[in-house]
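Single-letter residue listing:
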Amino acid sequence: MDGQGQDFKWIGKRTVRPDGVDKVTGRANFGADFSLPGMLVGKVLRSTHPHARILSIDTEKAHALPGVKAVITAADLPDIPSEEAHFGEDPTDFRHVSHNVMARDKALYDGHVVAAVAATSESIADEALGLIEVNYEVLPHVLDVEEAMKPGAPLVLEDLITGGVTPTPKDPSNIAKRVQFDLGDTEAGFKKANMVVERRFTTKPVHQGYIEPHAVVASTSEDGHTLVWCSSQGHFMIRAACAKLLGLDVSQLRVMPAEIGGGFGGKITVYLEPLAVLLSRKTGRPVKMVMTREEVFRGTGPTSGTVMTVKIGATKKGQITAAEATLAYQAGAFPGSPVGLGCMTAFAPYDLENVKTVGFDVVVNRPKATAYRAPGAPLAAFAAESVLDELAKALDIEPLELREKNAAKEGTKAPYGPRFGPIGYVETLQAVRDHPHYSAPLGPNQGRGIASGFWMNFGGQSSAVVNVNEDGTVVVTLGHPDIGGSRASMALMAAEVLGIDIAKVRPIIGDTHTIGFSDITGGSKVTFASGMAVVEAAGDVVAQLRERTAMIWEVEAEGVVWEDGHALPASTNVGEFEPLSLAQIAAMAAKIGGPISGRASINAKGAGPGFGTHICDVEVDRETGRVVVLRYTAVQDAGRAIHPAYVEGQLQGGAAQGIGWALNEEYVYGDDGRLQNPGFLDYRMPVASDLPMIDTVIVEVPNPNHPFGVRGVGEVPIVPPLAAVANAVENAIGVRMADLPMSPPHILAALEDKA
Amino acid sequence: MTKHHVSTTINGEPAEFLCEPQQTLLDVLRDELNLTGSKEGCSSGDCGACSVIMDGRVACACLALGVEAEGRSIETIEGMAEGETLHPLQRLFLEEAALQCGYCTPGFLVAAKALLDRKPDPTETEVRFWLAGNLCRCTGYDKIVRAVLSAAAEMRG
Ligand code: FES
Ligand code: FES
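Protein chains in written order, with our numbering: chain A, 1 to 755; chain B, 1001 to 1157.
Treat the hints loosely; a few may be bogus.
Straight-line alpha carbon distances no greater than 20 Å define the calculated SDA-like cross-link-like pairs of lysine to any residue that follow [stated by the list, open to error]:
(1) A:192 to A:283
(2) A:9 to B:1095
(3) A:192 to A:318
(4) A:504 to A:470
(5) A:13 to B:1095
(6) B:1003 to A:123
(7) A:504 to A:16
(8) B:1003 to A:67
(9) A:177 to A:161
(10) A:317 to A:284
(11) A:282 to A:37
(12) A:409 to A:395
(13) B:1003 to A:66
(14) A:504 to B:1155
(15) A:504 to B:1095
(16) B:1003 to A:127
(17) A:754 to A:622
(18) A:170 to A:151
(19) A:177 to A:153
(20) A:61 to A:404
(21) A:413 to A:127
(22) A:13 to B:1119
(23) A:204 to A:689
(24) B:1119 to A:401
(25) A:504 to A:8
(26) B:1003 to A:198
(27) A:405 to A:622
(28) A:192 to A:471
(29) A:13 to B:1003
(30) B:1003 to A:9
(31) A:405 to A:504
Keep in mind the hints are simulated off the structure, nothing from the lab.
From a predicted model like this one, the values you see are computed outputs, not experimental measurements.
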């Protein structure tokens, strides 16, 4: 099913994306592709200590080097107060963002920026960094989440008081907050269970791994206005953060969205951007800053490493009576791990009476954790969906059947509060059962696993403008960076509403001065929220086209209907008129009221929750411990697939990232607190030869809150794979892998333990 | 620092540039010649975003020096289309949605072209291993591999 053949002319068509040609010819401009005359090169100096007090920074020698135009440290940034910032799914604090961008008083992780320079060439900038003298007092550090939670652990932030507990603790600790979600009474629920399975899981931080490193160009004019070109998941977010961190008016900053080379949540915050703005303001020259891959690994976003315990009880017949999870997530050096989202999503696919999830957000001397695709959810699902499989085995019930018996449906009260409207979880389970993959034979040392995943999906603020050109072509201006083909879906929706050929619709991403505020691209919101804005703006155009036609025909606007790209009389009572096409009306616009332009600025509500279920086959080499994924199928409810090929792409890409997370990827730190694998050779992401084709099935249970039924699709696909792979490995070799990654040494150790 | 004068051929046309001895070919292409289609993802030869064809062989421009271009012939993504006509690989990448963010795309296209130039009839496994030096974080490779196989089939006629 992919939405084709229904009543739609464009929705569900696999059109070529409007930005496509530029991307296959090398013409598309990404963050680092932009240059200006007289541009300086900006570079940062990073701490190599995981935890150290900055006693002094002497920048004199660096300043004196010919070609160096500015050197900045935290002393050059305002010391801003705490203030909640809403970039992504989880709030953060502008003060922490500021301290993360440039260390103040203490360096909190290997890779933390302590100073920055702008110079006339890269080699001079590099030389200048070497001339900056930082006097550190090295402090004891803590990397491990459980160590960090212990009393007496080195304090990462000396004034951090645990939130979410009463009474409020008097002493600081590394526990930033405790969260809890309750439904029913788990104690009573476990008493009713015939079987209870409990297990502890651990995972390592992994990086989003976007191939484009962070890059920015900032240019300031004499009147104090700064233009910024950068790739990010939200140019309005970049503007807000730079303004707040530097004490500027928002209107002093104009941020131009470059094409973005992947983000997956890792580009919903600022790193270099405020520094580039400040350096350009200090020097009066354009400044370009680009991270190296090593800097990306050491200085930007991994997601949390975790320690998790999950306990699930069920009756003999497989009715789940209670489920509990305790999740401790590393936040990195500043609060804000996605543990709350982990708690909310852990058991969300199931209709349960008794649920308790407790989460701890814990700071450690690692880079500040940043969102990574369905932040927090894949981890919690890894634990929950692994325990479910164990429980099914213990009860001698097919794992798929256990899920079917307990599946959430319309009306189910989610463990985190709301009642679900129409959802498609059961449909994904049915599609798995019906798929030939599910019953295909397996060979020796091979195993099959299934797992499900949930993401609530987000809406939010979104703006769109639809301008009708004088020849009847249309420009759709959007406010969210297009990270994976959203311009294609927006064009389809606009063409559908206007009833014109897709070739006549040109979608572009506006900059912060040309389109209304729009939230970040994240939370799987764009096709949903931006789509709603586009539909509304295109509807506004249709209303104007009807009014203009009414003027021409000298009838009431209600007497004109819009069908298939033409104005028609609503009935014969209105009169006999030849249909007018959009192009015909556009050509006359000047004489009948002026330009035709539709707009919408909305706060989209009612994002439909998304569910997916994956099937994974693996083969385990008992000699080397290597796990190979042989076959993979991802099933997901997309509500309505606007552009099915890009929905499939999301499913495939999310699955591949999840497989990498399950099998290989991890941040490796030495006892010295330094990252040992800050490169693609040692931080091994899946390559083409590691993976099979990834089959997809799109289920469509429309979201009633969207004009075309769209649900977000981008995040769900990374939720099931961790457990799907682990369940497959268990079925292949009879060993439950509770610690990620399931890399060859870990598999071999587990096999040895078993023997 | 004294700069070196280099004469080379880029996308079939003679080109000259000045570069520092330690400057990589990738930096020269991007910063000196404004050919920014070749991307930098790692600078260590691990992602393939900078892939170019040098005297018929695919190479990581981040691992070559600008001075090594002397007397050689370099093909970059900018030279892949013939005028307005896209190379079948480019067209099929579009038609089969083999890109999401598109950052890895130039490198994949260049590497895939080098493959099809030498082996017009690769198997899926051959495509996967040939492209194992190119990282894509968005697509899971499925549509990329399919597009390369489709292009190969089309080019064989
Ligand atoms: S930039 Fe050359 S291989 Fe990554
Ligand atoms: S399409 Fe984004 S890295 Fe390949």
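Here's how the hints hold up against the structure:
no.: 1; hint: A:192 to A:283; result: violated (70 Å)
no.: 2; hint: A:9 to B:1095; result: holds (19 Å)
no.: 3; hint: A:192 to A:318; result: holds (12 Å)
no.: 4; hint: A:504 to A:470; result: holds (12 Å)
no.: 5; hint: A:13 to B:1095; result: holds (12 Å)
no.: 6; hint: B:1003 to A:123; result: holds (14 Å)
no.: 7; hint: A:504 to A:16; result: holds (13 Å)
no.: 8; hint: B:1003 to A:67; result: holds (18 Å)
no.: 9; hint: A:177 to A:161; result: holds (8 Å)
no.: 10; hint: A:317 to A:284; result: violated (72 Å)
no.: 11; hint: A:282 to A:37; result: holds (17 Å)
no.: 12; hint: A:409 to A:395; result: violated (23 Å)
no.: 13; hint: B:1003 to A:66; result: holds (19 Å)
no.: 14; hint: A:504 to B:1155; result: violated (31 Å)
no.: 15; hint: A:504 to B:1095; result: holds (18 Å)
no.: 16; hint: B:1003 to A:127; result: holds (19 Å)
no.: 17; hint: A:754 to A:622; result: holds (12 Å)
no.: 18; hint: A:170 to A:151; result: holds (13 Å)
no.: 19; hint: A:177 to A:153; result: holds (16 Å)
no.: 20; hint: A:61 to A:404; result: violated (68 Å)
no.: 21; hint: A:413 to A:127; result: violated (60 Å)
no.: 22; hint: A:13 to B:1119; result: violated (33 Å)
no.: 23; hint: A:204 to A:689; result: violated (24 Å)
no.: 24; hint: B:1119 to A:401; result: violated (47 Å)
no.: 25; hint: A:504 to A:8; result: holds (17 Å)
no.: 26; hint: B:1003 to A:198; result: violated (66 Å)
no.: 27; hint: A:405 to A:622; result: violated (35 Å)
no.: 28; hint: A:192 to A:471; result: violated (71 Å)
no.: 29; hint: A:13 to B:1003; result: violated (53 Å)
no.: 30; hint: B:1003 to A:9; result: violated (59 Å)
no.: 31; hint: A:405 to A:504; result: violated (49 Å)
When each numbered hint is compared with the structure, violations occur for hints 1, 10, 12, 14, 20, 21, 22, 23, 24, 26, 27, 28, 29, 30, 31.
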